[in-house]
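**Q** Listed below, chain by chain, are the residues.
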Amino acid sequence: MPKSKSAYSVAGKKGKLDTHIIVVWVDNEAGVLARVVGLFSGRGYNIESLAVAEVDSKLNISRVTIVTTGSPEVIDQIKLQLKKLVPVHKVASFKREDKKVIFKEMALFKFVSNSKKMKLAVKACKKFNPVLLDETNKSCVVQVTALRREIDKMAVNFKKYGLKSISRTGAVAMTRGSDVL
Amino acid sequence: MPKLFTGAEIVFKCLEDQDVEYIFGYPGGAVLPIYDELKNFQSIKHILVRHEQGAGHAAEGYARSSGKPGVVLVTSGPGATNAVTALTDAYMDSVPLVCISGQVPTHLIGTDAFQECDTTGITRPCTKHNWLVKDIKDLQKVIHKAFEVATTGRPGPVLVDIPKDIQFQKTKYTSFKKINKKLNGNSHNYFNQKDINQLIDLMKKSKRPIFYTGGGVINSGPKASELLRDLVRSTGFPITSTLQGLGCFPGDDDQFLGMLGMHGTYEANNAMHDCDLMINIGARFDDRITGKIDEFSPKSKKVHIDIDPSSINKNVKVDLPIVGDVKQVINSIIKNIKKTKPNFANSNKQNISKWWLQIDKWRQKKSLNYINSDTSIKPQYAVQRLYELTKGKDTYITTEVGQHQMWAAQHYKFDKPNRWMTSGGLGTMGYGLPAAVGVQVAHPNKLVIDIAGEASVLMTMQEMSTAVQYSLPIKIFILNNEYMGMVRQWQELLHDKNYSESYTAALPDFVKLAEAYGCVGIRAKTPDELDDKIIEMLNTDRPVIFDCLVDKQENCFPMIPSGKPHNQMILGPEDEKDNKITGKGKALV
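As you go down the protein sequences, you meet chains Z and E in turn.
Position 109, counted from 1, in the first sequence is what my numbering calls 109; the numbers after and before it change by one each time, with no gaps.
Position 479, counted from 1, in the second sequence is what my numbering calls 479; the numbers after and before it change by one each time, with no gaps.
The reader is advised that the hints may include incorrect statements.
[Stated by the list, open to error] So these bits of chain E aren't anywhere near chain Z, every CB distance computed over 12 Å:
#, residue
1, His129
2, Arg154
3, Gln169
4, Lys314
[Claimed, not checked] Computed, partial: chain E to chain Z, Cβ under 8 Å:
#, residue
5, Arg124
6, Pro125
7, Val149
8, Thr152
9, Ser310
10, Asn313
11, Ala506
I should point out that these hints are in silico values taken from the structure, not numbers from a laboratory.
Nothing here was measured: the structure is a model prediction, and the numbers come from that model.
Glycine is no exception: its CB is placed at the ideal position from the N, C-alpha and C atoms.
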């Protein structure tokens, strides 16, 4: 290791990195997403996926769902910082493994091939609530909802059916049972 | 039909309702409507600076010395970007600032118009919150909210960006009644009786306790410092303070161990390392304080009292977090001690007597000592003489950043809060001179001295012109060693004496420079004449630039060297030889 002459301490031990889903309720106003996302980018953390939309048009509240990886200390720090933002109302977070929470992503697949292959493709999607949104004799667009890793898998496996283009959302989350966040 | 007011008028009506007396600013195209209204609001005085950064630092000095929020008024584009350093500085050191910036008219936003920049985008990470006002009806609400955000909880800077067309538009104004919400109101207290009981339990059991206090005590108001003194005396525990906390406990008190951290005293750092109970009050475990974090105070239970929940466990994991306003937490602790153990300090004396003996041993090292000289002025000596000659005068001290700042912190003893204004978090060279301007505006009849370095002070020297314009008799006390001293020191200790670009080969003649600005220049060259010259400075009721020619090679000790924990400090030139910094250690300075 080359000798460091930095003015700061060398990094200590790093905590274990886990995937966390952070849910934030914010005022739906200009710049609010930049404020939320800035807390991640300002610390050099990547956001794996992001889903945001207004959920209460009367109160102008949007719900932001962010998937990110970080050590527990970092996630705690980001949550506390999020709570300090003026337009933020509420913050919740889960680990991806959390059994009490449902995570879902949606994807649109465009296949360009022959009808035989396209049929096979739709069939292969069966487990993931496929909806045929558009169909011509050379192409089709299929909507699926699934977990991130399932969509990842489909994206690879469906190449053989003529998968040409994918558009997907970030994960959204909801607790199971009667509990409300 | 109610009377309609323009946006520019509403800005001033809001400032009036917020009891603002002074604003620090610089006019320009996009704020001209606001400047046009200035003449109609006699209760608000405008201080014209020479650079927007100066406006920001002056407002910081005003805020920190008075406890009121500082108000800055700048134009769009370069006006706003010039203020960014000061906003960031205020953000790091938790200073309440309200910056109002002009913006190009709404329809031109996003067109790369003349003097346009994305002000809210640029200042987002360096303010607590910012607003771009796009509807005149929001203006009043936004400005009052801005004051609330800046001054409540952990204070900090905010920015309100007002497009020029909004400044011209008209709407109603409903007079704003300040709800009797005090600075740092109850809404930020999350602690309960259980936490306090737990703390008192720890205090009773502790054999080696220490209070570690910071700027949070000052931000909580003068009452917090009073309560802290009461608490420290009613426990008999030793106390150390961060750079920002100086003044909340008397610097010459026996229970005070001096400042801690990289250039803190031997006794303070060793006590932090060996203690069994650390009670952090309003400090944030900054890296200049903790040094190597893995070996920071390994044997102690740590209690952290802070108003900001995100400060807890950020750098150091603590055993008992107490989230609340310092003043109210201390008050609660004192009440409980007085109720359960009215004579705690005496009954506990035996318990911590060994600890005090140990501390006295560390004190014997006299870590702030230096080798004085008959021929050249040692910078430490200059600060000591300045202290001795001004200590009865309720003096306000600001500093720039570097060696002189540390010497000032070590050798100038404060006994009141809000008397010490220095850039700690961001470390902004050029802070002290404009800050002194702001302090003098807040306290026109008090002695205000900027202990400066010749390199730092040149960064914002133009504000001397502001001081002269408003007859602000600030004293700029320059410890002139012709080097960027702290850079030079690190190069000497860590970079094999390769003094790369740290020497200023051409400096202005500061005495002539003072004359050019229309103030007074004084130079001291030898220790013999130093006292007389300082007295001459103190007797001048105009702004003074004092050029104190000091030893060029002097290093700032004691110092926690690289790669070492708190209990292994370098004490001075002699000790340094035995403690040579090597290898991996260089990373940690």
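**Q** Against each hint, give a clear statement of whether it holds in the structure.
**A** Hints versus structure:
no.: 1; hint: His129; in the structure: violated, 4 Å
no.: 2; hint: Arg154; in the structure: violated, 8 Å
no.: 3; hint: Gln169; in the structure: holds, 19 Å
no.: 4; hint: Lys314; in the structure: violated, 6 Å
no.: 5; hint: Arg124; in the structure: holds, 6 Å
no.: 6; hint: Pro125; in the structure: holds, 6 Å
no.: 7; hint: Val149; in the structure: holds, 6 Å
no.: 8; hint: Thr152; in the structure: violated, 11 Å
no.: 9; hint: Ser310; in the structure: holds, 4 Å
no.: 10; hint: Asn313; in the structure: holds, 7 Å
no.: 11; hint: Ala506; in the structure: violated, 27 Å
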